[in-house]
Amino acid sequence: MRTVDLAKSSRRDLNAALHEVQHNTNETYWRVENPAGQHALAVGLDAPVTVEIAGHVGYYCAGMNQQATVVIEGNAGVGVAENMMSGKVHVKGDASQSAGATAHGGLLVIEGNAAARCGISMKGIDIVVKGSIGPMSAFMAQSGTLVVLGDAGDALGDSIYETRIFVRGKVASLGADCIEKEMRDEHVLALREILRAAGAPDSVKAEEFRRYGSARQLYNFHVDNASAY
Amino acid sequence: MCGIVGLFLKDRALEPRLGEMLADMLEVMTDRGPDSAGFAVYGAGDAAHVKLTLRGANLGAVAEAFKGKAEAAARDTHMVLSIAARDEDAVRGWLAVNRPDVVVTGAGHRIELYKEVGLPGDVARRFDLAKMGGTHGIGHTRMATESAVTTAGAHPFSTGADQCLVHNGSLSNHASLRRMLEPNGISFETDNDSEVAAGYLTWRLREGASLKQALEASLDDLDGFFTFVVGTENGFAVLRDPISCKPAVMAETDQYVAFGSEYRALVGLPGIETARVFEPEPTRVYVWERN
Chain R
90 MRTVDLAKSS RRDLNAALHE VQHNTNETYW RVENPAGQHA LAVGLDAPVT
140 VEIAGHVGYY CAGMNQQATV VIEGNAGVGV AENMMSGKVH VKGDASQSAG
190 ATAHGGLLVI EGNAAARCGI SMKGIDIVVK GSIGPMSAFM AQSGTLVVLG
240 DAGDALGDSI YETRIFVRGK VASLGADCIE KEMRDEHVLA LREILRAAGA
290 PDSVKAEEFR RYGSARQLYN FHVDNASAY
Chain S
156 MCGIVGLFLK DRALEPRLGE MLADMLEVMT DRGPDSAGFA VYGAGDAAHV
206 KLTLRGANLG AVAEAFKGKA EAAARDTHMV LSIAARDEDA VRGWLAVNRP
256 DVVVTGAGHR IELYKEVGLP GDVARRFDLA KMGGTHGIGH TRMATESAVT
306 TAGAHPFSTG ADQCLVHNGS LSNHASLRRM LEPNGISFET DNDSEVAAGY
356 LTWRLREGAS LKQALEASLD DLDGFFTFVV GTENGFAVLR DPISCKPAVM
406 AETDQYVAFG SEYRALVGLP GIETARVFEP EPTRVYVWER N
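Respectively, the protein sequence lines represent chains R and S. Residue numbers for the first sequence, in the numbering used here: 90 to 318. Residue numbers for the second sequence, in the numbering used here: 156 to 446.
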């Protein structure tokens, strides 16, 4: 295990050290102490390492992540895992606004609540929020899956393109062009897989969720091109 | 962009350290607002006396003029003049005639309000914030958008006795609100949009609304982006606009309630490791009051 104490070394030193890690590294387990809410911690990683951050973090933590697993043992500020391409980001507390924004891939798990605009413009990421999400979540979402074990705030999925949204609790209101859709067997099976990957307890059943998605009235959707989306 | 910090103490044992904690929080928010800074502290006071915080040059002459009738405490460009409450109108009248250059930045039984242009840490040191005690305090670091970088444009704004407001954001309908408020007896010192928000709350409170009701009404009447932190003699409140445009983090323990634009501002507080740290929800009015 390699430990970096941010009370003693800088954020730039930490990120530079993480960027030097090679794909075949043996240093696969990192601990980051005293994050003190600093911004842009563990961003731009591209190696199969696990980075545990011992406390609350500021903005854009684990942004642009590829391959790595980043565990935040506290709350995350604005834009956690923004633009993630692959790997996993696990927030043990709450996440602020725009969690998983524009992310193309990987898995973002938030044990607590996520604030407004969770999954804004998401492009392929899977997001699992075990608490509730704030208003305007999945705004202009394009691809991927947003799973919410609690409730969703106003204007869920506003101006959505393509994304599967599963909510177990109440939805305050749906945004423009977002509608409830039938929960078919294929969706139950896919959701079950995501819940398993996110470590949801067995007591959470995929059948309890309702599915929401795009009515495809707002954008130039042609079924002939469906495979391209 | 601007930075806001606020601290409302539940544990009286912490009161002597209010300024010290607030000063640390304010300086961390320098990145968000390096143009100017200001803060209001609710310290000692009683119903029989009023504290006028004055700003201007040669304030010693003002103190001299009220020698024997007032206690004066000078801090850099500001001076707090403590007078009998019944003398407030007379003192304000004297200032208007004899020292129109002097600005009353805040007035009330307990509020003291300081603001200056410059880096927040420097501003806090110039006024020796770290040595001030009190029950609650609010600070602001400003990056100007809607009006000029001047001392008068720095926050907090106080438009009523023991009231103050800090604002991160910008209001679109401040001109029309100003036209509505001025005939209703609310006067403004600056062209600043945030001062209009303060004046709006003063008007609502004067009309009998509670702090919570006044803030709830502002959701209908104010157009724009805002995170507000508001202080009254005994109260401390937070409100964010419906799309939560501007950031906010809060921490609560048995000892205090703290507000920061970013969590970084809160990391030095006692017991923060085990505090309940949360993001205030949009359009929800949060109020704490003490008796």
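Calculated from the structure, these hints are not laboratory results. Model, not experiment: these values are computed from the prediction. Just so you know, not all the hints are guaranteed correct.
[Stated by the list, open to error] Per the computed footprint, the stretches of chain S lying under chain R, defined by three or more beta-carbons under 8 Å from a beta-carbon of chain R, are:
| # | segment |
| --- | --- |
| 1 | 349-359 |
| 2 | 408-419 |
| 3 | 431-440 |
Heads up, the beta-carbon is just placed ideally off N, CA and C, and yes, glycines get one too.
Counting residues of the segment 431-440 of chain S with a beta carbon closer than 8 Å to any beta carbon of chain R, are there 3 or more?
-> Coverage by chain R holds for the segment 431-440 of chain S (5 residues, Cβ < 8 Å).
Count the residues of the segment 349-359 of chain S with a beta-carbon closer than 8 Å to any beta-carbon of chain R: does the count reach three?
-> As far as the segment 349-359 of chain S goes, the hint is violated, because 0 residues have Cβ atoms under 8 Å from chain R.
Residue count check for the segment 408-419 of chain S against chain R: does it reach three with CB-CB under 8 Å?
-> holds (count 3)
Violated hints amount to a single one, hint 1; each of the other numbered hints is respected by the structure.
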